[in-house]
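Trainee: Here is what each chain is made of, one letter per residue.
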Amino acid sequence: MAEKEQLIIESGDASQPFAYAVGMHGSKFFTETRDNKRFMGLKCPKCGKVYIPPRGVCGQCFVEMNDWVEVGPKGVIGTFTILRFAFIDPETGHQKPVPYGYGFIKLDGADTLLQHYIALEDESKVKVGARVEPVFAKDRKGSTRDVEYFRVID
Amino acid sequence: MAKRVAIVGTGQTFHKSHRPDVNGQELINEAVQRALVDANLKMKDISAILIGNMDHFEGINYVDCWSVDGSGGVMKPVIKLTTGGTTGASLAIGGYHMVASGMFEKVLIIGWEKNSESDTTGAITTAFDPIWDRQVFAGAISGLAAEAQGYMARFGACDRDAARVSVRDRKHATNNPHAQLRKEVTLEEVLASPMLADPIHLLDVCPRTDGACAVIMANEDVAGKICSVPDWIWATAARHSYTYLGDGDWGRLTSMEKCSKEIWKKTGIKEPRKEIDVIEMYQPYSFAGLIWIEDMGIVGHGEAPQYIWDGNTDMGGELPVNPSGGVIACNPIGATGLIRCAEAAMQVMGKADARQVPDVNFAVSTGFGGCMWTDMLLHGKKKPN
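Protein chains in written order, with our numbering: chain A, 901 to 1054; chain B, 7 to 391.
Take these hints with a grain of salt, some might be off.
[Claimed, not checked] According to the in silico footprint, chain B covers these stretches of chain A (three or more CB under 8 Å from chain B):
| hint | segment |
| --- | --- |
| 1 | 940 to 946 |
| 2 | 972 to 981 |
| 3 | 987 to 999 |
| 4 | 1015 to 1028 |
| 5 | 1034 to 1042 |
For the record, the hints were derived by calculation from the structure and aren't laboratory data.
The beta-carbon is built from N, C-alpha and C at its ideal position, and this holds for glycine as well.
Bound conformation, chain B alone (with noise of 0.2 Å):
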């Protein structure tokens, strides 16, 4: 019998980049024993457990079976879930599935990595194709800097349009104590940084990092008991395409539109520049929060970066992006997607403390990864219908 959907806990690591005090096990215990104080309940109390990283990243396969003593999965049903970049939401999204079949009534989602064990950009390419894709790709940055430059030819945007979003991002991250990366820089700076691939300088993009994410979710049936305001899951979409990296329309997200697309048909947003309070974007470099927020519909074709100079996705703007600092701060990949819904869930419950944007009603997090791939969903404050 299918069931409503809420989170009513979530827990977060304090991300850095090397984390040599503790393993892969002990890293996700840290998560998860916050997300059972934050919701109150003991490990007896969760029914199954979803969890997922990037596994090749570390060179280390079955994290569902080694981390059963960290995660709390010892003779529970465990499953694993990895799906690239967007692994953290697709964990969220797969939590929802199996809740709101009402076959598990409370699942605990982990998502989790060490990007210190190996090296990243090595790591990613091997995720490509063998005979087409790698021997020119060069990992995430390669990819995201040929999606900017398409946009750019199309647009007409520049790198100092990129720049301003690198700003806000940086500067929202000083009032999230979790981000790794807590340092406010200017747009000189992140223009004079060095370029690491036409035209992505080094402060317009994510770190790399160390760090888990767990969220609690439970049924109709519990989540007003366990919690006085949880996070209500109104809708989930997942949009996931590639062949060979040639294969995409470079300069816009097609993942995101059909996403957004689906998630405002589903609950009759009309106008989600105006009905959406905060934002909560996988958005790994500065452009995309430009191209990305078109395709979400937010803004039309081009016009991102008026929106942005003027200040509307700032904290105390019209619709607020990324007030946790988002992936530029702080990127512990197979988590990345699953602190984004849970920051967005943070928002709605009132829990985001410094970064607290008011009174949010709705909040969309995102998933990006794998080639060009996008999660989303959509969290509001009241029960859906």
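Bound conformation, chain A alone (with noise of 0.2 Å):
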């Protein structure tokens, strides 16, 4: 027997999947953005801060919000990255496809920031601070993949 093997087992293609609920507030802004093309948020009725995603709670003030607000569909890059090294996605199991911008968007009207794609046209103007605007998907089915990605429009 050789002392120095040293024995690794692979677990293989494995795979679990799941469902997860998104909720109903959630649910409102997927189907907002489906069938009419806009972005709704949550306005807390204390500290009046409008939360993308909506959701039913806002942790700060710990109120329950009910009043939905439009926001964007425009707004400014309020940070962003552009992933340059190749990945696998966990939630495709395949190499996500690199270079892409990866923006932390400030809609008009909204106080935290909704994430998605930025295209890289042109690298130079993806900056904090540059104004974008959303390019949605043709056929939309009520997700974050409704909104194609985001393009600076300065």
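Given two chains presented individually in distinct reference frames, assemble the corresponding complex, making use of the accompanying hints.
Mentor: Spelled out as structure tokens, the structure:
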């Protein structure tokens, strides 16, 4: 027996599917984006902060939110990066196409940031504070993928 | 009855990128044995065990159960705790709470990870919201890059400033036999290394590591009998906040600001820059070495680059940061925060060998993770009042 043999057992291509509930607030957001190409946020009745993605409670004030407000669809880049290293996307099991722009977008009228792709048509224009607009998918099914990406319009 | 708490022993593995010679339980045992030797204690002396890692990284849950032969937990109270990247620091704070409660005299705290057993970027991504976060998120580096971009836009720092931090930590690591990466680099090498996610280069970030760390805490009734110079825990603080990644204040670490303010207030520290002797910071990439010492209150906003360039955080400087080489040199994620705590304890106890900072009265250790979370501990040579 080889004393220095160090064995590795691989799990193989095992997969386990999940079924995630979006919830009532997220569902309203996605149906509005799908059907009317508009973004809806929820406003805190106490501090006035407008949340995207919408959720039922303002964590800071710990009060329920019911006041829907339309935000965007345009906005500015709050912060961003450009991903250049190749990695396996655990959502698909395939290598993510790089490079791609990863934006945290402050939609007009919102106080938190929406994450999405930013098109890299001209990398020098992708910077904090740049004005952006969404490009909606033609075939919209009710998910974050109903927006294909945001593009710089300055 | 509440008790004061001290660290009386620490142990670490010699951390490597891949340890195919040991399984998780065997890796854990190496750190535990070293901590027991350091404290001159036997497993029968230990009242309870607190253990943790990022269990979904290895795809094996219940480390509190399957590791008992290696951890020493057979028929003892064992609790598992996991809080993302902060896990190791949260373990230290949890152990402090257990001993401080007066219900456990001596607690063995264990953090470990075998990052070689899965894909770390994929695993980190699955820690985030499946509906809103995962489509564009690309693991730790993407979030950290967004923080760095936000900081640079607001305060005018550049990637060369950050590279100076990486040069510092990688140099410090050459003094630490436990660090995974022990090779000096130059500013030019950092800036010429591949761009992973703007503005982060390969040599700006931490590696993936297999490693374990164990720390033994004891209450004030026995700490002084176990060792001549215990490391007293003066205060702890934790701030965890996150629903979606877009909720953050990108470019500032609010959790660090809140933790440090709480600790300075609890302990009466007025000028942390002058009163703290060494910091072991969970700093997974170079830009954090700028941003987070500002949020900690060591220097004002925008002042970190000059403070770093002047050598203040190097060994021999006013306030050395990461004498161990820190996270950029070594990152077994579930152990990483506890290694910071152990290294800070070693500085106070005078056991840090080639990486020892002279005359340490106060040391700070931190944990970072989850989504811009901070855990923080203040360690001191004197027994707190």
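Trainee: Now look at each hint and say whether the structure bears it out.
Mentor: Each hint, compared with the structure:
1. 940 to 946: With 0 residues closer than 8 Å to chain B, the segment 940 to 946 of chain A misses the three-residue bar; violated.
2. 972 to 981: Contact hint for the segment 972 to 981 of chain A vs chain B: holds, 4 residues under 8 Å.
3. 987 to 999: n = 6 at 8 Å, threshold three: holds.
4. 1015 to 1028: holds (count 5)
5. 1034 to 1042: Coverage by chain B is violated here, the residue count being 0 at a Cβ distance below 8 Å.
Of the hints listed earlier, those the structure fails to meet are numbers 1 and 5, in rising order.
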